[in-house]
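A.B. asks: Sequence:
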Amino acid sequence: MLRNRVKGLIGRTRQDFEVDLLNRVTVNPRLFNDYLRQNTRNKDPIPLLRTTERIDHTEDGAKDEHLSEFFRDKQLAKVEVESGVPQGSVLGPILFIVYINDCANEMDCDIAMFANYLKLWRVIQKAADKENLQANLNQLQKWSNDWLLPFNESKCNIIRVRNSNPLNRTVYRLNGIPFKKVGAQKDLGFWTMPSFKPSLHCAKVAKSPMSIPYLVKRAFSAFTTDCFAKVFGTFVWPQLESAVKA
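The numbering of the sequence shown is the UniProt record's numbering, which starts it at 1 and goes up by one.
Honestly, I wouldn't trust all of these hints.
Unchecked claim - With a straight-line Cα cutoff of 27 Å, these simulated DSSO-like cross-link-like pairs (lysine-lysine) come out:
no., residue 1, residue 2
1, K204, K230
2, K217, K207
3, K245, K204
4, K142, K155
5, K119, K180
6, K204, K180
7, K186, K207
8, K119, K130
9, K181, K245
10, K207, K181
11, K155, K245
12, K217, K230
13, K204, K155
14, K142, K130
15, K204, K186
16, K197, K186
17, K217, K204
18, K204, K181
19, K186, K245
20, K230, K207
21, K119, K204
22, K130, K155
23, K126, K180
24, K155, K197
25, K130, K197
26, K119, K155
27, K245, K180
28, K207, K245
29, K197, K180
30, K245, K197
31, K126, K142
32, K119, K181
33, K181, K142
34, K126, K181
35, K186, K155
36, K119, K245
Stated by the list, open to error - What follows is a list of derived Cβ distance ranges for each label pair:
no., residue 1, residue 2, range
37, F228, L120, 45 to 51 Å
38, N145, M193, 29 to 35 Å
39, V182, D129, 18 to 24 Å
40, I159, T225, 40 to 46 Å
These are calculated hints, taken from the structure and not from any lab test. Heads up, the beta-carbon is just placed ideally off N, CA and C, and yes, glycines get one too.
All chains should be modelled from the sequences, with the hints used to inform the complete structure.
C.D. replies: Written out as structure tokens, the structure is:
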């Protein structure tokens with residue numbers, strides 16, 4: 001009977017509690033069920049059920065009026081959010097960018113950020129340039145310690161351009177861990193080499209799609225010219241086009 005009474009009070013579906021022209025409160029059924037489940041989960045008596053059972057069911061409108069008064073006191077109001085955890089895949093990336101966006105404010109070298117990737121570079125012409133780059137790394141580590149957001153030093157690498165400069169052999173460190181020198185680094189799907197030649201990237205891009213025709217040939221007893229054209233145009237050619245990541 002209580003369920004039927006509540007349904008009688010529920011008008012048009014709303015995302016929140018509201019008071020209609022008849023001074024009655026309409027409520028979203030989902031919010032009402034969530035409220036009941038929450039009180040049951042916390043092992044607290046459900047005040048709505050406890051108090052409404054005391055009302056005489058023969059009194060016309062008595063229970064309806066009580067439900068209206070109950071929900072009128074439970075309307076949501078605007079309050080200041082003091083703390084909370086972002087939920088969902090919509091706010092998460094946005095708030096993460098806002099959270100880490102100031103890590104480069106104190107840097108005086110060239111820097112680029114993309115999501116949780118960070119790149120620093122500087123032209124090394126003298127010893128002061130080498131010291132400046134290490135100082136920027138120290139500043140980055142200080143920001144990490146202040147905001148309790150540690151970096152993954154195992155994924156931090158250094159790639160040098162023009163190895164003929166002896167100053168480029170300096171070992172740079174983050175949190176006391178030296179950077180690993182690499183001959184090629186994958187950045188946003190593109191392989192970068194010290195010579196800036198795209199040969200390595202092109203080789204890796206072409207390696208995977210060129211094996212597809214052989215796999216298809218092993219799966220079919222007859223591999224005609226028409227079949228090869230369809231397979232190549234569908235699975236191979238799109239992966240060999242310009243600006244394809246490896």
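A.B. asks: Do the alpha carbons of K197 and K186 lie within 27 Å of each other, as the hint requires?
C.D. replies: holds (13 Å)
A.B. asks: Please verify whether K155 and K245 have alpha carbons no more than 27 Å apart.
C.D. replies: holds (20 Å)
A.B. asks: Take a quick look at whether K130 and K197 sit within 27 Å of each other, Cα to Cα.
C.D. replies: Between K130 and K197 the Cα gap is close to 25 Å, so the pair holds against 27 Å.
A.B. asks: Given the hinted pair K130 and K155, is their Cα-Cα distance within 27 Å?
C.D. replies: holds (21 Å)
A.B. asks: Given the hint that K181 pairs with K245, test it: the Cα-Cα distance must not exceed 27 Å.
C.D. replies: Status holds; Cα separation ~23 Å.
A.B. asks: Are the Cα atoms of K119 and K181 separated by 27 Å or less?
C.D. replies: holds (15 Å)
A.B. asks: Between K197 and K180, does the CA-CA distance stay at or below 27 Å?
C.D. replies: holds (21 Å)
A.B. asks: Compare the distance between the alpha carbons of K207 and K245 with 27 Å, and conclude whether the hinted pair is satisfied.
C.D. replies: OK: K207 and K245 at ~12 Å, within 27 Å.
A.B. asks: For the pair supplied as a hint, K119 and K155, confirm whether the alpha-carbon distance does not exceed 27 Å.
C.D. replies: Satisfied, since the Cα-Cα distance of roughly 12 Å is no more than 27 Å.
A.B. asks: K126 and K180 were given as a pair; does the straight-line alpha-carbon distance stay at or below 27 Å?
C.D. replies: Distance ~22 Å between K126 and K180 Cα, so the pair holds.
A.B. asks: Quickly compare the C-alpha distance for K204 and K230 to 27 Å and report which way the hint goes.
C.D. replies: It holds: about 23 Å lies between the C-alpha atoms, which stays within 27 Å.
A.B. asks: Starting from the hint 45 to 51 Å, judge whether the C-beta atoms of F228 and L120 obey it.
C.D. replies: holds (47 Å)
The earlier numbered hints are all upheld by this structure, with none contradicted.
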